[in-house]
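Peer 1: Spelled out from the first residue to the last, the chains are:
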Amino acid sequence: MNIHEYQAKQIFAQYGVPTPRGIIANSVDEAVNAAKELGGDIWVVKAQIHAGGRGLGGGVKLAKSLDEVKRYADEILGMTLVTHQTGPEGKLVQKVYIEEGADIKDELYLGVVLDRAKEMPVIMASTEGGMDIETVAEESPEKIVKVAVDPAIGFQGFHGRALVFGLGITDKLEQRKMIDFASKLYNVYMDKDAEMIEINPLIKTGSGEFIALDGKMGFDDSALFRHPDIEEMRDLSEEDPDEREASQYGLSYIALDGEIGCMVNGAGLAMGTMDTINYMGGTPANFLDVGGSANAETVAKGFEIILKNPKVKAIFVNIFGGIVRCDRIANGILEATKQVDVHVPVIVRLDGTNAPEAAEILKNANIKNVIPATDLADGAQKAVAAAKGEL
Amino acid sequence: MSILVNKDTKVIVQGFTGGEGTFHAQQCLDYGTRIVGGVTPNKGGQEHLGKPVFNTVAEAVDATGATVSMVFVPPAFVADAVMEAAEAGIELAVIITEGAPVKDMQKAKAHAVKHGMKTIGPNCPGVITADECKIGIMPGMIFKKGNVGLISKSGTLTYEGANQVVKEGYGITTAVGIGGDPIIGLSYKQLLPMFEADPETEAIVMIGEIGGDLEIQAAKLIKEQITKPVVAFIAGQTAPKGKRMGHAGAIISGSAGTAKEKMDALEAAGVRVVVSPADIGKAVAEVLKK
Chain S
497 MNIHEYQAKQ IFAQYGVPTP RGIIANSVDE AVNAAKELGG DIWVVKAQIH
547 AGGRGLGGGV KLAKSLDEVK RYADEILGMT LVTHQTGPEG KLVQKVYIEE
597 GADIKDELYL GVVLDRAKEM PVIMASTEGG MDIETVAEES PEKIVKVAVD
647 PAIGFQGFHG RALVFGLGIT DKLEQRKMID FASKLYNVYM DKDAEMIEIN
697 PLIKTGSGEF IALDGKMGFD DSALFRHPDI EEMRDLSEED PDEREASQYG
747 LSYIALDGEI GCMVNGAGLA MGTMDTINYM GGTPANFLDV GGSANAETVA
797 KGFEIILKNP KVKAIFVNIF GGIVRCDRIA NGILEATKQV DVHVPVIVRL
847 DGTNAPEAAE ILKNANIKNV IPATDLADGA QKAVAAAKGE L
Chain E
5 MSILVNKDTK VIVQGFTGGE GTFHAQQCLD YGTRIVGGVT PNKGGQEHLG
55 KPVFNTVAEA VDATGATVSM VFVPPAFVAD AVMEAAEAGI ELAVIITEGA
105 PVKDMQKAKA HAVKHGMKTI GPNCPGVITA DECKIGIMPG MIFKKGNVGL
155 ISKSGTLTYE GANQVVKEGY GITTAVGIGG DPIIGLSYKQ LLPMFEADPE
205 TEAIVMIGEI GGDLEIQAAK LIKEQITKPV VAFIAGQTAP KGKRMGHAGA
255 IISGSAGTAK EKMDALEAAG VRVVVSPADI GKAVAEVLKK
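So the protein sequences, as listed, match chains S and E. This note's numbering runs 496 ahead of the 1-based position in the first sequence. This note's numbering runs 4 ahead of the 1-based position in the second sequence.
Note that these hints are calculated values from the structure, not bench results. Any given hint could turn out to be false.
As the list claims (entries may be wrong) - Pairs of lysine to aspartate or glutamate residues, derived as DMTMM-like cross-links and limited to a Cα-Cα distance of at most 20 Å, are as follows:
{"#": "1", "chain 1": "E", "residue 1": "Lys-111", "chain 2": "S", "residue 2": "Asp-646"}
{"#": "2", "chain 1": "E", "residue 1": "Lys-111", "chain 2": "S", "residue 2": "Glu-571"}
{"#": "3", "chain 1": "E", "residue 1": "Lys-122", "chain 2": "E", "residue 2": "Asp-202"}
{"#": "4", "chain 1": "E", "residue 1": "Lys-245", "chain 2": "S", "residue 2": "Asp-753"}
{"#": "5", "chain 1": "S", "residue 1": "Lys-642", "chain 2": "E", "residue 2": "Asp-217"}
{"#": "6", "chain 1": "E", "residue 1": "Lys-245", "chain 2": "S", "residue 2": "Glu-603"}
{"#": "7", "chain 1": "E", "residue 1": "Lys-245", "chain 2": "S", "residue 2": "Glu-739"}
{"#": "8", "chain 1": "E", "residue 1": "Lys-224", "chain 2": "E", "residue 2": "Glu-204"}
{"#": "9", "chain 1": "S", "residue 1": "Lys-668", "chain 2": "S", "residue 2": "Glu-603"}
{"#": "10", "chain 1": "E", "residue 1": "Lys-171", "chain 2": "S", "residue 2": "Asp-874"}
{"#": "11", "chain 1": "E", "residue 1": "Lys-245", "chain 2": "S", "residue 2": "Asp-738"}
{"#": "12", "chain 1": "E", "residue 1": "Lys-11", "chain 2": "E", "residue 2": "Glu-91"}
Claimed, not checked - Far from chain S, some chain E residues (derived; all Cβ distances over 10 Å):
{"#": "13", "residue": "Asn-10"}
{"#": "14", "residue": "Lys-55"}
{"#": "15", "residue": "Lys-113"}
{"#": "16", "residue": "Gly-159"}
{"#": "17", "residue": "Pro-186"}
{"#": "18", "residue": "Ile-187"}
Virtual Cβ for every residue (Gly too), placed ideally from N, Cα, C.
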């Protein structure tokens with residue numbers, strides 16, 4: 497789960513990680529009032545969406561008067577912001593964050609993520625702040641300092657020293673401030689079960705203070721049960737409504753661009769099914785994992801969600817029953833055809849636990865549009881042909 | 005021969021009396037696995053599925069001599085259970101539990117390593133040595149005995165792969181579902197050399213997916229140490245960037261961990277890489293006939 501910049505900064509502030517003062521606004525009036533309340537004569541109006549690259553897309557503006565705050569808030573609120581992380585469809589901006597202006601001397605990058613190879617969190621820092629860190633990693637990897645921290649000992653002085661020497665910070669007071677900043681950020685990461693924290697840019701002001709000018713946080717979904725405060729920050733409007741509806745039924749659904757709807761058990765086989773469709777010249781319309789506890793109701797729901805997508809020209813049901821019993825899936829397909837108008841060919845491959853019973857159920861029901869397949873290759877082939885109208 | 009587990013392996017079940025634990029322990033018993041007892045705090049002294057229940061893993065190990073634990077403890081408590089097993093002298097913990105917090109597993113795995121306990125999983129189907137010992141939730145009937153070792157991040161692709169191998173007239177020595185979470189126990193790197201050393205295993209199937217770099221490490225190791233033929237499939241070639249595909253580990257961010265990168269590395273290491281999982285069986289038949 498991801499949160500907005502302003503929410504990440506609220507969490508930073510709780511841990512003493514320095515952030516600029518700011519106020520969230522849902523309307524132009526609120527934005528102007530926020531600027532007045534903050535005072536000063538320069539403000540930043542920032543679109544709040546769950547994606548990076550907002551500045552380049554026109555979602556971050558520097559305002560030098562209250563009139564400009566008003567104008568920019570009006571421009572940004574309600575705009576569909578397209579960045580390299582939103583996809584071409586972009587994201588609707590519903591909130592702007594009004595922040596006091598900052599005196600930027602240097603721009604740095606600081607992040608904390610899990611290093612899967614070392615199996616511990618790693619603090620990443622770079623002097624190349626404000627740039628896309630993936631580009632930095634590709635073009636000048638030597639400019640990224642990585643310090644892994646073993647949670648068994650926590651953030652120690654030597655971690656901090658590796659960081660500041662790596663960044664080339666020589667002023668002793670600045671060294672101390674940066675080490676303090678990084679150790680607090682590490683605490684945020686650990687305490688909140690974060691999956692990722694990114695501050696880009698982290699700025700050094702003219703007076704030598706380090707401040708988080710941006711903030712991005714993602715959390716480990718499996719740990720949300722122990723963080724009700726984070727769960728409350730969930731912004732449902734940032735999530736795909738179909739994906740959300742699916743998850744309420746224990747289905748894991750992600751919409752894609754293609755024409756063949758997929759319903760599969762297990763994430764790996766679901767991806768493998770998409771790959772096979774692609775290999776055979778078709779295009780998958782979605783990823784859908786029905787999970788281990790699939791029943792008639794969830795399968796029917798899956799059909800409903802897949803068929804909402806007008807691009808879908810055929811559906812491939814590919815189940816290898818282990819814990820999932822194939823007869824239940826077969827009954828789910830029957831149920832679905834009663835509840836939903838299944839107007840496209842449905843290719844069904846059921847293998848594993850209770851597969852013969854399932855075949856019998858489908859045969860007896862004799863539903864139009866349902867085409868049995870013998871294995872993965874056969875099913876994918878038939879689905880691709882069906883989507884092309886060649887079956 | 006086989007790897008990790010066989011017909012003599014004594015197994016306890018942590019989370020024995022819960023719904024999942026009960027159902028799958030019974031299935032394992034039916035398969036022939038030597039389950040010698042289980043652990044559920046506060047139910048010590050009772051009997052369940054005809055086997056003794058203990059309050060602690062230490063008691064269970066003392067009384068039964070078990071060396072392997074199959075873990076069904078709910079996600080919030082699973083790290084605790086794994087660390088308890090490590091301190092009680094269990095040699096291998098097979099963690100089936102899905103949805104364990106990453107931070108918890110990091111801690112639990114570090115503790116397991118410290119105590120010399122191997123782990124498999126979490127969020128995995130488990131391990132099976134065909135016709136001898138099943139520790140996990142896979143449908144046992146698919147795994148006919150044979151000469152192919154299988155390592156997979158994905159549960160259902162394990163079944164798909166094994167089924168194809170069997171349909172081609174071959175069979176499985178041991179199949180290990182390693183799970184797809186960001187922190188997992190035994191991986192290709194440890195398991196490939198075990199299969200290399202196992203005289204019955206003549207070919208190895210490895211099934212990976214997008215995310216992380218375990219497959220890249222595996223490619224390196226295969227090039228240096230593995231002489232037996234390896235067939236590989238990497239799931240997620242068509243997965244969009246930055247999206248989570250059900251497995252917590254299967255998220256691509258940046259260039260690291262794409263399917264293409266992994267497939268290229270494996271191919272360069274001499275592995276027979278298939279583009280579709282539908283070709284796993286055929287590829288195994290081909291490499292074995294050579």
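Peer 1: Hint by hint, note whether the structure agrees.
Peer 2: Against the structure, the hints:
1. E:Lys-111 - S:Asp-646: Roughly 10 Å between the alpha carbons, so the hint for E:Lys-111 and S:Asp-646 holds.
2. E:Lys-111 - S:Glu-571: violated, 48 Å
3. E:Lys-122 - E:Asp-202: Distance of about 18 Å is within 20 Å: holds.
4. E:Lys-245 - S:Asp-753: Roughly 13 Å separates the two Cα atoms, so the pair holds.
5. S:Lys-642 - E:Asp-217: holds, 17 Å
6. E:Lys-245 - S:Glu-603: Not OK: E:Lys-245 and S:Glu-603 at ~27 Å, beyond 20 Å, violated.
7. E:Lys-245 - S:Glu-739: holds, 16 Å
8. E:Lys-224 - E:Glu-204: violated, 24 Å
9. S:Lys-668 - S:Glu-603: Holds: S:Lys-668 and S:Glu-603 sit about 19 Å apart, inside 20 Å.
10. E:Lys-171 - S:Asp-874: Distance ~15 Å between E:Lys-171 and S:Asp-874 Cα, so the pair holds.
11. E:Lys-245 - S:Asp-738: With Cα atoms ~19 Å apart, E:Lys-245 and S:Asp-738 stay inside 20 Å; holds.
12. E:Lys-11 - E:Glu-91: violated, 25 Å
13. Asn-10: Per Cβ check, E:Asn-10 is outside 10 Å of chain S; nearest 22 Å; holds.
14. Lys-55: holds, 22 Å
15. Lys-113: violated, 6 Å
16. Gly-159: violated, 5 Å
17. Pro-186: violated, 5 Å
18. Ile-187: violated, 6 Å
The structure fails to meet hints 2, 6, 8, 12, 15, 16, 17, 18 from the earlier list, while all remaining hints are met.
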